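Chain by chain, the residues:
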Amino acid sequence: MSESEVRRMNCDIDLKAYVVGESTRPERGAVENHLRGCQSCREELDRLNLTRSMLASLEDEEIPRRIAFVSDGVFEPRWWQTMWRSGPVMGFASAALLAAAIVVHGFERTPVVDTAQIEKQVESRVGARVQAAVNVAQAKQSAEFAKVLNATESRFESQRKSDLATVQQAAEYYEKQMARFEVASNQGAGQ
Amino acid sequence: MIFREVEDRDLIAKARRGQVEAYNVLVSRWEKRVFNYLLRLVGQREDALDLSQDVFLKAYQNLKKLDDPAKFPGWLFRIAHNEAYSLLRKNRPEGEMTVEPRMAESSGGMFPIESTLAVRSALARLSDDHREAVLLKVYQGFKFEEMAEILSCPVSTVKSRLYTALDLLKQTLAPVNTGGAK
Chain A
27 MSESEVRRMN CDIDLKAYVV GESTRPERGA VENHLRGCQS CREELDRLNL
77 TRSMLASLED EEIPRRIAFV SDGVFEPRWW QTMWRSGPVM GFASAALLAA
127 AIVVHGFERT PVVDTAQIEK QVESRVGARV QAAVNVAQAK QSAEFAKVLN
177 ATESRFESQR KSDLATVQQA AEYYEKQMAR FEVASNQGAG Q
Chain B
13 MIFREVEDRD LIAKARRGQV EAYNVLVSRW EKRVFNYLLR LVGQREDALD
63 LSQDVFLKAY QNLKKLDDPA KFPGWLFRIA HNEAYSLLRK NRPEGEMTVE
113 PRMAESSGGM FPIESTLAVR SALARLSDDH REAVLLKVYQ GFKFEEMAEI
163 LSCPVSTVKS RLYTALDLLK QTLAPVNTGG AK
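Chains A and B supply the protein sequences, listed in that same order. Position in the first sequence (from 1) plus 26 gives the number in our numbering. Position in the second sequence (from 1) plus 12 gives the number in our numbering.
One or more of the hints may lead you astray.
Claimed, not checked - A short, non-exhaustive set of chain B residues, derived as facing chain A with CB atoms under 10 Å:
1) Ser40
2) Val150
3) Tyr151
4) Asp179
5) Leu181
6) Lys182
7) Leu185
8) Val188
As the list claims (entries may be wrong) - Straight-line alpha carbon distances no greater than 20 Å define the calculated EDC-like cross-link-like pairs of lysine to aspartate or glutamate that follow:
9) A:Lys42 - A:Asp72
10) B:Lys83 - A:Glu48
11) B:Lys171 - A:Asp38
12) B:Lys44 - A:Asp86
13) B:Lys171 - A:Asp40
14) B:Lys155 - A:Glu48
15) B:Lys155 - A:Glu53
Honestly, the hints are just simulated from the structure, not real lab data. Predicted model only: the values in this text are computed from it and were never measured. Yeah, the Cβ is synthetic: ideal placement off N, Cα and C, and Gly gets one too.
Use the sequences and the hints to build the structure in full.
This is the structure we're talking about:
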């Protein structure tokens, strides 16, 4: 910090606002009144003015290329923006679109659908699938039935054999008993 | 100046009604100021030119959002500020400062070309924020309140940035020990 700046620390004025033109009229009066009796602030003001004038010596450059104008196309609104902003054009476009839709609809040929044939095809396909399913079910049932029938026949045959054996045993038993009775009756008659 | 403001306001009203020629006049009236502000802020001529084009395109697209046509200059420079800072943020990592080689300390008895180089060098050594405060105040003549609106910050911040920048520039362009004070 310079000696001048140290001396200026007690000065209650805004010299920078004064230099850049931001002081009110009373503030400018106060600054100018102060400057008459303060050497340090006068020196500071000179330095600020010199800085300002040096900055102002820097001239503006010419723009190397003009900014594109609206008519150059860069700023031009898109076709749909132009149309959107224009009420009559938008109305006409809507009407034209509607008319075109009606005409197209009038000329459009709706495809003829033969529902009877479709029904026939569907019926045929469904019938075939049902028949196939029925065949599968029948085959399965036949196989199961044959299996059960075989098992039943087998069981019946074994039962029949068992019954025959029992009957045979009973017949043999009765024959033996009859033989015993006959022997006993013969012996009784002999006595 | 008053006539000029009225004319700008009239041109803006016409441009809003779709009269593109009115906007063309506005562009030709402001393009040099906007270009030089951007050139001194970003430092590259081509960048400044591209940014200027973008600024006027965005201004045209958003002209209907401008509440008060009398505030057109500040509004236009706010767009320019935003465009410039998006480029600066993209090109320069966070916190990195512009550093230029120091110029000769003496400024006494300089020729105009030396003076121009000295001023350019001194401006280039400032941070973006400090340089922009000088550009808006010294070169564009905006008031503190207008600068606060352009930069989206309080007036106290604007003053602080400008005063710091002036102190730094003063040390380079009007040093004490060389008898800069006249």
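Structure-based check of all given hints:
With a least beta-carbon distance of about 8 Å to chain A, the hint placing Ser40 of chain B at the interface is held under the 10 Å criterion. With a least beta-carbon distance of about 5 Å to chain A, the hint placing Val150 of chain B at the interface is held under the 10 Å criterion. Given the 10 Å rule on beta carbons, the hint for Tyr151 of chain B holds: about 8 Å separates it from the nearest Cβ of chain A. At its closest, the beta carbon of Asp179 of chain B sits 8 Å from a beta carbon of chain A; the interface hint therefore holds under the 10 Å criterion.
Hint status for Leu181 of chain B: holds, given a least beta-carbon distance of 5 Å to chain A, under 10 Å. Look at Lys182 of chain B: its Cβ gets to within about 5 Å of chain A, closer than 10 Å, so that hint holds up. Because the smallest distance between the Cβ of Leu185 of chain B and any Cβ of chain A comes to about 5 Å, under 10 Å, the interface hint for this residue holds. Evaluation of the Val188 of chain B hint against chain A yields a held restraint, the C-beta minimum of about 5 Å falling below 10 Å.
The straight-line distance between the Cα atoms of Lys42 of chain A and Asp72 of chain A is roughly 11 Å, inside the 20 Å bound, and the hint therefore holds. Between Lys83 of chain B and Glu48 of chain A the alpha-carbon distance is near 19 Å, which keeps this suggested pair within the 20 Å criterion. Among the hinted pairs, Lys171 of chain B with Asp38 of chain A is consistent with the structure: their alpha-carbon atoms are about 16 Å apart, no more than 20 Å. For the proposed pair Lys44 of chain B and Asp86 of chain A, the alpha carbon gap of about 8 Å is at most 20 Å, so the pair holds.
Proximity of Lys171 of chain B to Asp40 of chain A is assessed by CA-CA distance (about 11 Å); at most 20 Å being required, the pair is judged to hold. Of the supplied pair hints, the one linking Lys155 of chain B and Glu48 of chain A holds, its CA atoms being roughly 7 Å apart against a limit of 20 Å. Of the pairs offered as hints, the one joining Lys155 of chain B and Glu53 of chain A holds, with about 16 Å between alpha carbons and a cut-off of 20 Å not exceeded.
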